[in-house]
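S.K.: Given the structure of chain A, go ahead and fit chain B onto it with the hints provided.
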Amino acid sequence: MSRKPQPERNQAPVVQRIRIRYAKRGPMRFSSHRDFARAFERAILRAGVPIAYSQGFSPHPKVSYASAAPTGVASEAEYLEIGLRAPVEPAALVAALDAALPPGLDVLDAVDASVAGSASLAERVEASAWRVELVGVGVDDLRSAVTAFLAASEIPVERLTKQGRRTVDARGAVLRMTASESASTAPYGVSVAPCAILDLVVRQVTPTVRPDDVLSGLRVVADLTLPVPPRATRLAQGTLTAQSEIVDPLAVDRGEGVTGVPST
Amino acid sequence: MSLDSVAGTPAPAALSVWPRLEQLLPLISKPIQYVGGERGSVVKDWDATTVRWALMYPDAYEVGLPNQGVQILYEVLNEQPDVLAERTYAVWPDLEALLREHGVPQFTLEAHRPVGAFDLFGISFATELGYTNLLNALSLAGIPLSAADRSMEHPVVVAGGHAAFNPEPIADFIDAAVLGDGEEAVLEITDIVRAWKAEGCPGGRDELLLRLARTESIYVPRFYDVQYLPDGRIQRVVPNRPDVPFRVRKRTTMDLDAWPYPKKPLVPLAETVHERYAVEIFRGCTRGCRFCQAGMITRPVRERSITTVGQMVREGLEFSGFDEVGLLSLSSADHSEIGDICSGLAQQYEGSNVSLSLPSTRVDAFNITLAEELSRNGRRTGLTFAPEGGSERIRKVINKMVSEEDLIRTVVTAYTHGWRQVKLYFMCGLPTETDDDVLQIARLAHEVIKAGRAATGSRDIRCTVSIGGFVPKPHTPFQWVAMCPPEVIDDRLRQLKAAINADRGLGRAIGYRYHDGQPSLIEGLLSRGDRRVGAVIRRAWESGGRFDGWSEHFSYTRWVEAAAQTLPPQGVDLDWYTVRERDEHEVLPWDHLDSGLDKEWLWQDWRDSLAEYEQDDCRWTPCFDCGVCPSMDTAIQIGPTGVKLLPLTPVSARSAAEQAPQSGTTGGPVSASLRVPTP
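Residue numbers (the numbering used here), protein chains in the order written: chain A, 1 to 264; chain B, 1 to 679.
Chain B on its own, in the form it takes in the complex:
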């Protein structure tokens, strides 16, 4: 398997670690996750390429492999003839110990090359809880943790993903961050690196980073100085170089039909959390839920056309052999042609064992029509509704416009249409929340069960109440709020459990799932932190922090201790970052990073939230001036196109085989024709 002989005499740094890794794999669990060779993966000749990327999703393979962002960038990059992209994921502690013991570095899956040998190391952060895994990967790769200590021999470390909209807590560890859509950004970075290398790497690493910064859409933290006020707040963030922009703008890929990726999805051998072909049907959301960072930073709404969606599904399934399709977006039922997409796909795949699912749906009866359409095949996926807040009042605060009447009617419709179980998702710890707002969740769940039993005449219906902790995020109207202390959240969750079970007859039909308040507090520290929080992350990693998104690996004590050791010497503490409310004029750590949202509009929306004023969706009502379209020179792009999906051409040979006389049990000359898939 070693590619050494294939590649001739490559640079020693790019030698495969496979011969050494192979000896360690029999000693660990689930070795297949480190082997590569998945369908859709690409192995290229190192020496035949000029720009080489290692891409990482900083979690275990089973979580990281299905990640859409990494799959899209991987394919976009490898389509370039002179570009090589390979993937790496966080290694579990059993392998980490062996890698350290035997001096084997962090490696890529394709050709098992050391991550340190690549030109660029790109990491996609969906959540801030992956930061310790970044440090661990850097350490295993032999790349200095501090960007300042890196030299020409080390990769340029580039962060992306939603968490990159405030990369300040990891500013010391990364060389650059890309805000927004990555498809075009990775190609632009590649072009810059290619040109710089062709010129003989003039000016070294510093010059390369300067060229990246000059694009005005790639953030290079080292070119900015942060100055603090005596009370610990930020005074200002200013460039320390001429011709580096004061603000760095996010990237927006406008025409999703021009970027129909993934075309060749990765098909894992190991078991992963999502085994399906996923296609984004639109990007962005303007529903304006005030807690939702994704909805705020991905504006405007850009739809993928029904035609492209249909084509991607057909080709993606043929390529992968997956038997499940996920139609992804932040609010899938809002696509202007979602009805035609669902009925068209349902018709095309009727009679096959392919199942279709529509996650992230809104609370209304239309959603049930769609779900019914998608379950024509008989495989009924679960229904989840997200009212997010238990009381009418708190739903106005967060701008989740669902009335109690609508919710009950929707869930009852689901029951009468044959669903026996629905899941209801709520948050706890929201701004202005009282005990009563949370206890209303119990009342709502009781009403749902009562109404469902009355409508169906059956006691065989259930609902699951699932509670997540609210974490205030940058670039949202809640970026200024004080977090709720974990003790308060845990107490409310206890009260809620008691309230659900107060009526045993109803409580029996209600499942209850929740997360403790502690991890949310740490996520809150990391999401709204500034550069001083880097010391906390480093200390947490040094004291063993890994896989912080996994409850069995997360240690609240470790983080609290790391914060207590590193923040007070810098004049701040954990509470200062989490349970402190910011005022209107405080300079926020991410103010120099431009998501397009007007800060004054965000502040007004926060004030509106306190007044329980609901903000409509600008797709169907006039613009409310959030600022994104004019400042980014973008516009809402939605249908309808009026096009319908046509039935798939039946495979004639197959139907011939179905109709063939089936006399005798030996295979006669009339055989079903098979597809010989191309690699």
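Chain A extracted, bound-state conformation:
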């Protein structure tokens, strides 16, 4: 399946880099980033992907992940990059990996990103678009909370981290915020409850501002309380246009990738 990991410096070199977009859907949104990484590495083995390994006594498959959605948050736009020791067709890779992963962890897209000097995935992630479903919240309450939020210049909120409590500004990174009424059936099957939708575009900053922080901000400025836990989904992440629109980070690679010339 792969070259012998020992002795050292005997791993086959990377000949192709592929960037992959994948989704975390439904119940699988409760997988942590580590859970996903383990499942993905097994899927690589099962699909027979000619993955390259790092050198050393404990070789690791060459997989690097762009900023991952928090545990419990769904996503339609997660990205990673793999290094291969033999070239594969991106479309075949999508099919093989998706079949090897459990339903709900879905591989959506893959592009060849082998061109030297192209920007890294991390460099292409400037912002994320989020949709948060708020069951039990009336849309009018949400609208006035949004107005108050946008009117503030800074909203410090507390977040519990492994290192203890930490204060972040929930306002500064928010580029866009809108409230609307849920068009679909309520997510928890509780059809009687009202359900409001919060759409967000948040700039990628350090420390990261997550949907939870924004909701804390809404509680701080407008006392917005949530009767049941919200359900958030990352809809997109990528580079930002001047109009705060998000551009797929794979678009550039795709444009360059099609110029590839058959080598045999």
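Any given hint could be a false lead.
Claimed, not checked - Selected chain A positions facing chain B (in silico; Cβ < 7 Å): (1) Phe30; (2) Leu45; (3) Ala99.
Just so you know, the hints here were simulated from the structure itself, not pulled from any lab data.
Beta carbons: idealized from backbone N, C-alpha and C, even for Gly.
M.R.: Chain B only, in chain A's frame:
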């Protein structure tokens, strides 16, 4: 995710709890363990099946998911078209509190159905410390704790696993217990339930249990009365119904090649204690270690052939994507073709990142040859040797036939072959044990380090001494012994630590791990208890007992108090069950449960133990009449078959890709072919 719409209008009892559970998961840690959807899991249409099992391993998901027994039964049952099996595990206290607050019942992972809606609720007990988790699951499922209080609407609660060889302490809480191998037993139970349901459930729950009991291999505690002597001992255990057998026999699956499970192992998303494809290379053991319940109750030895092992490993890895294989058994180096299995697999997976491991090995140099073979890939797994007893004398008592010379030579061989660390496993609290027997462990460890340094010329070698507490178990020659009080064990462990560190130069190279004596005492109460111990378990659970196998959750005080409150009114106490030696003619709580072992032979072996007489292994020496083969109509089944594992067919497309000209960095038309795995 709710399956309600998929399943049409199912019986209300089988409605998915997912919509309610989903709201609780953001509030707890590691929610993925409650989500299901693992590779290998099976979701079936409730209404399209006739017999429905909920299977539980009564510990947390991270421990329970890798359990072989549950995985095997799960697959065997789901292969039946009209049978549905789903899994459930013990929920952690954070979720338990929320489930109780919101009225959400214990649920299965596959379709998040309430456990109470199933026909059968099967629980596999590897250890007695899971009993409080059984009560907690019953309580969360809304199933009455006492079997006597259950009606037609409740599942039949069936216990299995090694602890089921004495299910008396949980006799009040279970409806039935299966002794021995489960593969065929679950299908037989399924057949009985299917037929009974097809007939319109005649005679209700009672009739169903009677039909199970009539198989003579399924124990239904309610059909037996226990009578006690004035001094608290059991007078007798007798059936209270006609046509219920006096003794219930264990099940033995003879042809392991006919039952090559798991074929489709469960691949967890959450992190678990073992992430590997595990294949049993044989079942049973006749080495005759007198403390070892597993070795006694799983006789005779039945090997899986080298061909089946090779095929299971290949298919299991392809299915799962695991990069580790465990070759399991009670003493893996004893397989008649272990050398060929190891070299064959090592050759097949050479150059891959798949690692092979061989747990439960014996103390000899052959074992190191095997370990070397398995570490061809460069990934060297740890080496553990289990002399079990520190002195030559105590090793004779427990029938662990390893001389000190052999042990030192074996460990030194490991060091000279490049292992820098080995683990040595011992027990404390063994019958007839003195302080000196335990202190000999320190001397042995010192000798190992000295010899290792001399042989390698290096100071960079270590050993870890790991001590477990001895717990006497039913159906072993030590079933009569008095346990050692926890204070004595703890004192010996303190003395041992001091003795190891008495020579600082050597002590520095020796790691020391041990468990306190207290949990062992409670495990001893539960393992040799009778029906009166059920009250202790219930009280311990009521006062918060959960996850007793976890040191951070186990409370000795809670158990001692529960015993003090419930046992004296019944004329017995904790000491009576634990530190009291039984005599030859005492009726033991499990005497009516037939493991095949002849009680007179067990008693003789116990006497032999006191005489420090060593008993050979009947695989290679004549039969010593333990009784299992004739009484169970079974026989030892071992090789060799003479077959060798062939190299795996190379995947031609992949090698083509490896050799493809790699000009340019864009993917050319010559691409590695990928496997699209079937679900």
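S.K.: Taking the hints in turn, state whether each one holds.
M.R.: Structure-based check of each hint:
{"no.": "1", "hint": "Phe30", "verdict": "4 Å, holds"}
{"no.": "2", "hint": "Leu45", "verdict": "4 Å, holds"}
{"no.": "3", "hint": "Ala99", "verdict": "5 Å, holds"}
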